[in-house]
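Q: Residues per chain are reported as follows:
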Amino acid sequence: NAGVMQNPRHLVRRRGQEARLRCSPMKGHSHVYWYRQLPEEGLKFMVYLQKENIIDESGMPKERFSAEFPKEGPSILRIQQVVRGDSAAYFCASSPQGRAEAFFGQGTRLTVV
Amino acid sequence: EDKVVQSPLSLVVHEGDTVTLNCSYEVTNFRSLLWYKQEKKAPTFLFMLTSSGIEKKSGRLSSILDKKELFSILNITATQTGDSAVYLCAVEKGDKLIFGTGTRLQVFP
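Residue numbers (this note's numbering), protein chains in the order written: chain Y, 1 to 113; chain L, 1 to 109.
If we strip away everything but chain Y, and leave its shape as in the complex, we get (with noise of 0.2 Å):
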């Protein structure tokens, strides 16, 4: 059974491109939840979401950023027009009743340069 898998694990962007991060949930998982961490800083929520349902945006970006769990497929994350402040390590975690207790991925290192 394999954990939460999120790919690329890194990625480099130049100032202006778009980003696009990948999460697979563990195998029966439908909750899906994206977070941030910022050099030095705890993990920050962005978006929880169901498959083809986005539940509670409240911690993303009003511009630029957008997230989708489709019926088939994997979750992603999607930055456009990155800058450097969007450097970070992104982290999805999946859970089978959307409680807390979630599976965290690797995460995918963005380095906007």
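The hints are simulated quantities; they were obtained by calculation from the structure and are not laboratory data.
We treat Cβ as the ideally placed atom computed from N, Cα and C, and that holds for glycine.
Any given hint could turn out to be false.
Stated by the list, open to error - In silico lysine-lysine, DSS-like type, Cα no more than 25 Å apart, as pairs:
id	chain 1	residue 1	chain 2	residue 2
1	L	Lys40	L	Lys67
2	Y	Lys44	Y	Lys62
3	Y	Lys44	L	Lys67
4	Y	Lys62	L	Lys3
5	L	Lys37	Y	Lys51
6	Y	Lys27	L	Lys67
7	Y	Lys27	L	Lys37
8	L	Lys37	L	Lys93
9	L	Lys3	Y	Lys44
10	L	Lys67	L	Lys41
11	Y	Lys62	L	Lys93
12	Y	Lys27	L	Lys41
13	L	Lys3	Y	Lys27
14	Y	Lys62	Y	Lys27
15	Y	Lys44	L	Lys93
16	L	Lys56	Y	Lys51
Said to hold, decoys possible - Ranges of calculated distance between the beta carbons of each label pair, as one might list FRET restraints:
id	chain 1	residue 1	chain 2	residue 2	range
17	Y	Glu40	L	Glu26	37 to 47 Å
18	L	Ser52	Y	Asp56	19 to 29 Å
19	Y	Gln17	L	Ser7	22 to 32 Å
What the hints assert, rightly or not - Which chain L residues face chain Y? A few, computed with CB under 8 Å, are given here:
id	residue
20	Val27
21	Asn29
22	Pro43
23	Lys56
24	Lys57
25	Gly59
26	Leu88
27	Asp95
28	Phe99
29	Gly100
30	Gly102
Keeping the supplied structure of chain Y fixed, place chain L upon it in accordance with the hints.
A: Only chain L this time, still in chain Y's reference frame:
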């Protein structure tokens, strides 16, 4: 504003020492408090605490919650170099976790 504060920020000990990590919180609509261990990769789940005064134990690690004073502690006895990591405390609020900034523990042989 909800907040979770961990102390100390970092800790350096020798193998065999016992350490206590602290987590205090001010979060409305508290559901539970969780501890994670992060070693340069995915945070791995350690404990989930919902009730005051009931100690949870796993090997050399133990944790307890005080919902009246709004804090939790994580104890690690007989530390080993493999315990070196960042320990994260998080409070469950609704459908999200609110994390502290973590305590960085370094255990030297």
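Q: Give a verdict on every hint.
A: Here's how the hints hold up against the structure:
Taking the CA atoms of Lys40 (chain L) and Lys67 (chain L), the gap is about 31 Å. The hint is violated against a cut of 25 Å. Note on Lys44 (chain Y) and Lys62 (chain Y): the hinted pairing holds, with a Cα-Cα distance of about 15 Å set against a maximum of 25 Å. With a C-alpha separation of about 23 Å, the suggested pair Lys44 (chain Y) and Lys67 (chain L) falls inside the 25 Å cut-off, and the hint holds. The straight-line distance between the Cα atoms of Lys62 (chain Y) and Lys3 (chain L) is roughly 22 Å, inside the 25 Å bound, and the hint therefore holds.
Simply put, Lys37 (chain L) and Lys51 (chain Y) have alpha-carbon atoms about 28 Å apart, too far for the 25 Å limit, and the pair is violated. Distance restraint check for Lys27 (chain Y) and Lys67 (chain L): the Cα-Cα separation of roughly 34 Å exceeds the 25 Å cut-off, and the hinted pair is therefore not satisfied. Taking the CA atoms of Lys27 (chain Y) and Lys37 (chain L), the gap is near 23 Å; set against the 25 Å cutoff, the hint holds. A hinted pair counts as satisfied when its Cα atoms are at most 25 Å apart, and Lys37 (chain L) with Lys93 (chain L) qualifies at roughly 20 Å.
With a C-alpha separation of about 11 Å, the suggested pair Lys3 (chain L) and Lys44 (chain Y) falls inside the 25 Å cut-off, and the hint holds. Among the hinted pairs, Lys67 (chain L) with Lys41 (chain L) is inconsistent with the structure: their alpha-carbon atoms are about 30 Å apart, more than 25 Å. Between Lys62 (chain Y) and Lys93 (chain L) the alpha-carbon distance is near 22 Å, which keeps this suggested pair within the 25 Å criterion. The hinted pair formed by Lys27 (chain Y) and Lys41 (chain L) meets the criterion: a straight-line CA distance of about 20 Å does not exceed 25 Å.
Annotation: proposed proximity of Lys3 (chain L) to Lys27 (chain Y) is violated, straight-line Cα distance about 33 Å (limit 25 Å). Distance check on the hinted pair: Lys62 (chain Y) and Lys27 (chain Y) sit about 31 Å apart at the alpha-carbon level, beyond 25 Å; violated. Of the pairs offered as hints, the one joining Lys44 (chain Y) and Lys93 (chain L) holds, with about 13 Å between alpha carbons and a cut-off of 25 Å not exceeded. Proposed proximity of Lys56 (chain L) and Lys51 (chain Y) is contradicted: the alpha carbons are some 34 Å apart, above 25 Å.
Under the hint 37 to 47 Å, the C-beta atoms of Glu40 (chain Y) and Glu26 (chain L), about 22 Å apart, miss the expected range. For Ser52 (chain L) and Asp56 (chain Y), the hinted distance range of 19 to 29 Å is satisfied, since their beta carbons lie about 28 Å from each other. Checked against the hint of 22 to 32 Å, the C-beta distance between Gln17 (chain Y) and Ser7 (chain L) comes to roughly 39 Å, which is inconsistent with it. The criterion of a C-beta within 8 Å of any C-beta in chain Y is not met by Val27 (chain L), whose closest approach is roughly 12 Å, and the hint is violated.
A distance limit of 8 Å between C-beta atoms decides the matter here; for Asn29 (chain L) the minimum to chain Y is near 13 Å, and the interface restraint is violated. Checking Pro43 (chain L) against chain Y by beta carbon gives a least distance of about 5 Å; that is within 8 Å, so the hint holds. For Lys56 (chain L), the interface hint is violated, the least distance from its beta-carbon to any beta-carbon of chain Y being 13 Å, above 8 Å. Given the 8 Å rule on beta carbons, the hint for Lys57 (chain L) is violated: about 17 Å separates it from the nearest Cβ of chain Y.
At its closest, the beta carbon of Gly59 (chain L) sits 19 Å from a beta carbon of chain Y; the interface hint therefore is violated under the 8 Å criterion. The beta carbon of Leu88 (chain L) is positioned within 8 Å of a beta carbon in chain Y (closest approach about 7 Å), and the interface hint is therefore held. Because the closest C-beta pair between Asp95 (chain L) and chain Y is about 5 Å apart, less than 8 Å, the hint holds. About 4 Å separates the beta-carbon of Phe99 (chain L) from the nearest beta-carbon of chain Y, less than 8 Å, and the hint is met.
Using the Cβ-Cβ criterion of 8 Å, the hint placing Gly100 (chain L) at the interface with chain Y is satisfied: the shortest such distance is roughly 5 Å. Using the Cβ-Cβ criterion of 8 Å, the hint placing Gly102 (chain L) at the interface with chain Y is satisfied: the shortest such distance is roughly 6 Å.
Comparing the model with each numbered hint stated earlier shows that hints 1, 5, 6, 10, 13, 14, 16, 17, 19, 20, 21, 23, 24, 25 do not hold.
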